[in-house]
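Visitor: Chains A and B, in that order, are what the protein sequence lines are. Numbering follows our numbering, in which position 113 of the first sequence is assigned residue number 156; successive positions increment by one, without gaps. Numbering follows our numbering, in which position 40 of the second sequence is assigned residue number 74; successive positions increment by one, without gaps.
I should point out that these hints are in silico values taken from the structure, not numbers from a laboratory. A virtual CB, placed ideally from N, CA and C, is assigned to each residue, including glycine. Keep in mind that a hint or two might mislead.
Cβ pair distances, simulated, as ranges [as the list claims (entries may be wrong)]:
hint, chain 1, residue 1, chain 2, residue 2, range
1, B, ALA95, A, ALA294, 33 to 43 angstroms
2, A, ILE312, B, GLN100, 47 to 57 angstroms
3, B, ILE250, A, ARG302, 26 to 36 angstroms
Non-contacting residues of chain A with respect to chain B, defined by C-beta distances greater than 10 angstroms in every case (computed) [stated by the list, open to error]:
hint, residue
4, GLU82
5, ILE216
6, GLY260
7, THR262
8, ASP282
9, GLN291
10, PRO327
11, ALA332
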Amino acid sequence: MTNVLARTGVIRPDPKDPSPLRIDEVLVRKMLVLFIRDETAKARLRRAVVGVSGGVDSAVTAALASEALGAKNVLGLFTPYRNSSEESRAHAHEVSRKFGFTLEEVPITEQVDAYFKDRKNVDKVRVGNKMARERKSIEYDRSWPDGIVLGTSNKTELLLGYGTQFGDMASGINPVGDLYKTQLRELAISIGIPDAIVRKPPTAELWVGQTDEDELGFTYADADLVLYHLVDRRLRPADLIDHGFDAQLVARIRELVRRNHYKRVMPLIAKLSLRTVGHDFLYPRDWEAD
Amino acid sequence: MSVRIAIAQCAPALGALKRNLDMHREWIGRAKASGAQLVVFPELSLTGYYLKDLAADVACAADDPQLTPIAEASRDIDISAGFVERSADAKLHIAQGHWSRGKLVNVHRKVYLPTYGIFDDGRYFGPGDRFDTYSWAGGTTGVAICEDLWHVSTPYLYAAAGATIVLCPSASPGRGVAEGGDLGTAESCRLMDRFYASYLTVYVVYVNRVGHEDGIAFWGGSEIVAPDGTVVARAPEFDEALVLGEIDTELVARERARNPLLRDEREDIVLRNIAGRLGLPFERRD
């Protein structure tokens with residue numbers, strides 16, 4: 044009966060109460076399947092391409108796409124770099140087997156290494172960004188001529204800006220972008236993503252030993268609750284601190300949201316004429332032919 | 035007397051008037067075949083909802099020849115459908131027309147244009163300025179387009195003016211997926227429909243659309259709620275459906291005999307209160 048209490052009680056910001064993040068997985072699954080089906084059709088496309096990393100976000104995306112479009116219309120791409128783990132490969136294949144979509148392996152080691160071969164002082168972030176954009180360019184290539192590239196960035200990553208612009212953050216449509224990481228895990232369990240994939244520490248695997256939570260310096264569980272109250276409930280950072288949230292954590296998350304906002308919007312266009320794309324030439328993307 | 039109403043819970047194409055006209059003709063045919071006397075389409079059913087700058091491209095006068103197919107189709111069945119109306123002074127309105135026996139008999143222009151959150155109506159449209167009732171075979175009726183219904187005064191004014199039916203064509207986006215309940219928007223709408231129907235003793239005919247526009251899902255769930263609070267008919271969520279429901283024109287009288295809230299309503303007090311607050315002259319007549 045906890046769900047009933049969660050629905051009828053007052054929602055208070057409480058660092059020890061994650062219950063406001065709970066979702067109705069059956070309803071969410073239905074809405075996302077319809078979203079993929081409808082928006083793919085509106086783009087006049089019929090297939091979906093998903094970068095399947097072995098992690099939970101892309102597993103959920105590929106599973107939902109298989110339900111929406113039929114598994115035969117979903118292409119999963121596992122794009123390993125030389126430091127990618129065997130576990131990731133095994134998990135990618137496991138998801139493909141379970142949900143029936145085709146998984147192809149397209150290694151990216153050669154082209155990434157060739158590009159950086161004679162360049163000096165290259166830090167790991169640059170290599171990581173290059174890998175993310177290499178992968179996305181392959182997904183877009185393989186989407187031609189009738190496929191749509193599905194995004195796998197969740198709401199936590201989008202809000203924190205924890206992703207590579209025009210890399211993993213790029214897509215035609217993104218079914219999971221309004222689900223926090225903890226909500227996405229909940230959905231993953233209910234649609235049958237294997238436990239080992241749901242429970243392992245999230246990683247972008249851009250360098251050996253990288254995990255999201257180490258790099259960010261906080262856990263998804265903590266970040267999601269802070270983001271939920273700041274974004275969904277429109278509370279101010281000071282309100283959260285008053286209710287016992289860690290002041291440094293709240294300040295850091297708020298700053299990441301602000302600093303990385305540029306990644307979430309289209310590039311700025313210099314306004315010159317009487318009517319300008321993005322400013323006052325405002326048509327819906329689902330603009331249909333008559 | 036019983037009047038059959040058909041709800042066309044459809045998914046209009048965005049900005050494609052000709053395609054939507056064909057779609058309407060098809061649904062009108064099905065409604066007619068099922069014996070309905072009125073078929074009600076959702077808000078902006080002939081154009082789609084999130085039009086942005088497309089609003090000006092698809093707008094037409096209420097008597098524009100482009101709408102003639104709807105008028106023609108209304109010879110044997112009344113039709114309530116939504117379009118972008120360009121007024122004589124070139125304002126754009128979200129409008130709902132009622133066609134009967136080949137003629138347009140009523141146009142309601144959406145008064146309350148939500149311009150917040152995911153809504154931007156006020157950027158692209160001008161507001162209507164009246165809530166007028168009209169009559170057809172089903173009885174005296176008022177139209178509340180989507181946000182109009184969320185304002186308590188709208189159904190109140192209609193009921194006070196004698197309406198026994200409130201038609202609410204909507205384009206309601208589904209949101210709120212918290213555990214332990216229905217879709218948040220669905221809960222709010224059902225609460226409204228049932229509350230207005232029971233406490234104003236009117237029929238509420240809530241007509242929502244389905245499908246997606248730019249990532250936003252319209253959730254459907256159209257329904258007819260009777261003045262005794264019973265749900266006469268309800269459409270599924272998210273799927274297209276033609277839903278039929280009977281309006282019992284005598285039920286309003288029976289309910290009002292039992293529950294004479296409207297008879298006892300003190301409009302003079304309401305008016306005096308508001309007039310006083312706004313500093314308007316109000317003369318008592320007793």
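Visitor: Run every hint past the structure and note whether it holds.
Guide: For each hint, the structure was consulted:
no.: 1; hint: B:ALA95 - A:ALA294: 33 to 43 angstroms; verdict: 56 angstroms, violated
no.: 2; hint: A:ILE312 - B:GLN100: 47 to 57 angstroms; verdict: 34 angstroms, violated
no.: 3; hint: B:ILE250 - A:ARG302: 26 to 36 angstroms; verdict: 28 angstroms, holds
no.: 4; hint: GLU82; verdict: 6 angstroms, violated
no.: 5; hint: ILE216; verdict: 7 angstroms, violated
no.: 6; hint: GLY260; verdict: 29 angstroms, holds
no.: 7; hint: THR262; verdict: 21 angstroms, holds
no.: 8; hint: ASP282; verdict: 20 angstroms, holds
no.: 9; hint: GLN291; verdict: 29 angstroms, holds
no.: 10; hint: PRO327; verdict: 5 angstroms, violated
no.: 11; hint: ALA332; verdict: 6 angstroms, violated
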